[in-house]
Amino acid sequence: MAYGNKRAYVPQEQRQSYQGNSYSNQSGYNNQQPAKKHSGAKTKKYYPKTGGNAGVEMTHTHGWMYRRREGLTTFSCNTTSKSVLKESGWMGSIACEVISGNKQKSFYWGTMEYKTGKVVIDSLGLVISPKGGKGGYTGSFTNN
1 MAYGNKRAYV PQEQRQSYQG NSYSNQSGYN NQQPAKKHSG AKTKKYYPKT
51 GGNAGVEMTH THGWMYRRRE GLTTFSCNTT SKSVLKESGW MGSIACEVIS
101 GNKQKSFYWG TMEYKTGKVV IDSLGLVISP KGGKGGYTGS FTNN
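One point on numbering: in our numbering, the residue at position 126 of the sequence shown is 126, and numbering is uninterrupted.
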């Protein structure tokens, strides 16, 4: 008999019929919610109405990621007048502003894949990909 585990005694011959079901029939295991997203990204193309780039197509990529110790960090990356499209489909000189969880702002340069809006910030080892997963991905990348 099992004492102190709040389960009824089940004879050996009945116990074998429960094998293979594992935990699927126990309450509380079937109602799990999907995990929360910890990062995301979006991109859009626009035409400024004023300024030096008036009427020129610009691309804005916005990414965010949440870390337990650092909090919410946002990334705002824009093409500039210095951004040049290469034959490979990548643009250089993408201005990226990073606002960390403690409201501290910093500035980095990145590169963007023009077709997808994906931004890579090499100095941080970070990629902002609007087409990754459900709602985009912002996080570290590895060089293979």
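Hint data in this document are derived by calculation from the structure and do not stem from the laboratory.
There could be a bad hint or two in this list.
Label pairs and their computed distance ranges (CB to CB) [unchecked claim]:
1. Gly51 to Gly133: 31 to 37 Å
2. Trp109 to His38: 24 to 30 Å
3. Glu87 to Gly133: 28 to 34 Å
4. Lys134 to Glu70: 21 to 27 Å
Don't be surprised by glycine CBs; every beta carbon is placed ideally from N, CA and C.
Okay, the hints, checked on the actual structure:
1. Gly51 to Gly133: 31 to 37 Å: holds (34 Å)
2. Trp109 to His38: 24 to 30 Å: holds (25 Å)
3. Glu87 to Gly133: 28 to 34 Å: holds (29 Å)
4. Lys134 to Glu70: 21 to 27 Å: At 23 Å between Cβs, range holds.
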